[in-house]
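Asker: So the chains spell out like this:
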Amino acid sequence: MMRKPLNLQGWLLKLAAVLTGLFMLMPLMAVIPVSFTPKRFLSLPKGDWSLRHYQALMTDEAWLASISDSVLVALASSVIATVLATAFALGLWFRQPRYGGALVGLALLPMAVPPVVSAVIIYFLQARIGLIDTYAGLILTHVIMVTPFAVIVMLTATSRLDKSLELASRNLGASRMQTTFWVVLPNLKFGLFSAWFLSLVLSWEEIAVTLFVSGIDVITLPKRIWDGLRLNVDPIIAAVSVILMVLTTIAIVAKTLHEHHKGKSGS
Amino acid sequence: MAARLNIHTIAMWLLPALFLAVYLAPLLGVFGWSVSRPEPGAENYVRMLTDADALNIMLRTARVCILVTGISVLLAYLMAYHWVFGSPARKLFMELCIFIPFWISVLIRAFGWVVILRNKGILNETLLSIGAITEPLTLVRTELSVILGMVHFLVPFAVFPIASVMRQIDSRVLLASRGMGANPAFTFWNVFLPLTIPGVLASVIIVFVFALGFFITPAILGGGKIVMIAEYIYIQMFQTSNWGFGAALSIGVLAVVAAMAGLLFRVIRPERLVK
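The listed protein sequences derive, respectively, from chains P and F. Note that the first sequence covers residues 1 to 267 in the working numbering. Note that the second sequence covers residues 1001 to 1275 in the working numbering.
By construction, these hints were calculated from the structure, which means they are not laboratory data. A portion of the hints provided could be inaccurate.
Residues from chain P that face chain F, not an exhaustive set, calculated with beta carbons under 10 Å [stated by the list, open to error]:
#1 Trp93
#2 Leu109
#3 Leu172
#4 Glu205
#5 Leu211
#6 Pro222
This one's a predicted model, so the numbers in the text were calculated from it and none came from an experiment. Don't be surprised by glycine CBs; every beta carbon is placed ideally from N, CA and C.
Pulled out of the complex, with its shape left as it was, chain P reads as follows:
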């Protein structure tokens, strides 16, 4: 008979764990009914559920513009971040320089620094070169903020690569470029996808630094939600939140299934 090594499964502990779990889910659940209120202010529907706030969201030009700004910035910055992170991880893997640790530290720096300090740093730069409130400025901002996460994913992926792969390819007469693009990169497919996906989600949600460097011309979806929360609490925010929660949950499930499938097929 298998015995639990540590039998601390008292009812009190179980109850505490369940309560903590519910505490984690509660604020997410609370938003759902509010999004269906027929009223113009935050309230719970009392049997009179309505889709008016979802409809408003689909027709409001300001919200639609923010969605397209967010999509554009997230797509551009996630692709750039993935390319930079991949080049960095591959270069390190091939060269393995003695000062590699310092380079990794530099590449991860914006992740370790508190967001508000990053925001001040990036604001300082962009005020100097006139990038505040432009697409280019926002994309650069998001690249700085999300690339460290892509770097972690790519470093993990390259750490699992066998160094003899390179030797074999080179021995068979492949050039440096051929080895990189035909032999090594295909082996990093899954890492590449993960890095891109993570960058996409992080950029899509980025708000702390975005607040400092955007404003009038470019307003991402999180920035518009923030403005809405600060000025007036409109139930349209609840509708946006529910849609975003559904999308996030679908993305997590899809990613988990993808990983599961990948685990089964073995590479």
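Given chain P's structure and the hints, the job is docking chain F onto it.
Answerer: Frame of chain P; chain F shown alone:
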């Protein structure tokens, strides 16, 4: 390996070079602001340590961060324990409760708390309808709401290092303790807990650092009344245009975080925690 400067060297330097130019160099510029605006000198730093407003906000930030860290790590320990050692059903439940909130936007999570805690929010309406209170309690724009929102945001970050250490524990050690007649409580306090301390310390430092520079949740749930250091920096920069003072505060936060990170590297070897 004929040429030193091959394609891989260039690829490797692309990102660090970019970050040197767009992150590290501007950081020096921010430091420059802190000692040059409005006038050259250390007056911004003097003000930081003497101004009553600034001191109050730093004190509140420290108090809230310590409370938030304590509560988050405690809850995270409980969740990590059930996530790692629970029955399959409980494992799945814990995983959902950790990962779904973790991936959902910080704004939505803060907004959820507004919906619950507002004067006409779900909690007040419920308490009123069951007659537990006769007047709505003021819950938003209080330290309590800020703490609740921050704990909610930070628990997943606290869970990961603790769970990672718990997974590495050799269960034979625990069986040995039980086999030699120790009861579960004794085994927990004298064997299990000490083995998980490195994860707990990592959690404490990560959560504290996050809480310190964290901006969105305190600003939304504090509603301009419960201002913490990050929002104070924002106000200094954009509402009162005290560029130098805002810069000095940023450098101050950065110094505290650097000290905490140094501590993290001393106390535990973080590379052990990422599996």
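Asker: All hints are to be evaluated individually against the structure, with a verdict given for each.
Answerer: Results for each hint:
{"no.": "1", "hint": "Trp93", "in the structure": "holds (8 Å)"}
{"no.": "2", "hint": "Leu109", "in the structure": "holds (6 Å)"}
{"no.": "3", "hint": "Leu172", "in the structure": "violated (18 Å)"}
{"no.": "4", "hint": "Glu205", "in the structure": "holds (5 Å)"}
{"no.": "5", "hint": "Leu211", "in the structure": "holds (7 Å)"}
{"no.": "6", "hint": "Pro222", "in the structure": "holds (6 Å)"}
In this structure, only the earlier hint numbered 3 is contradicted, and the remaining ones agree with it.
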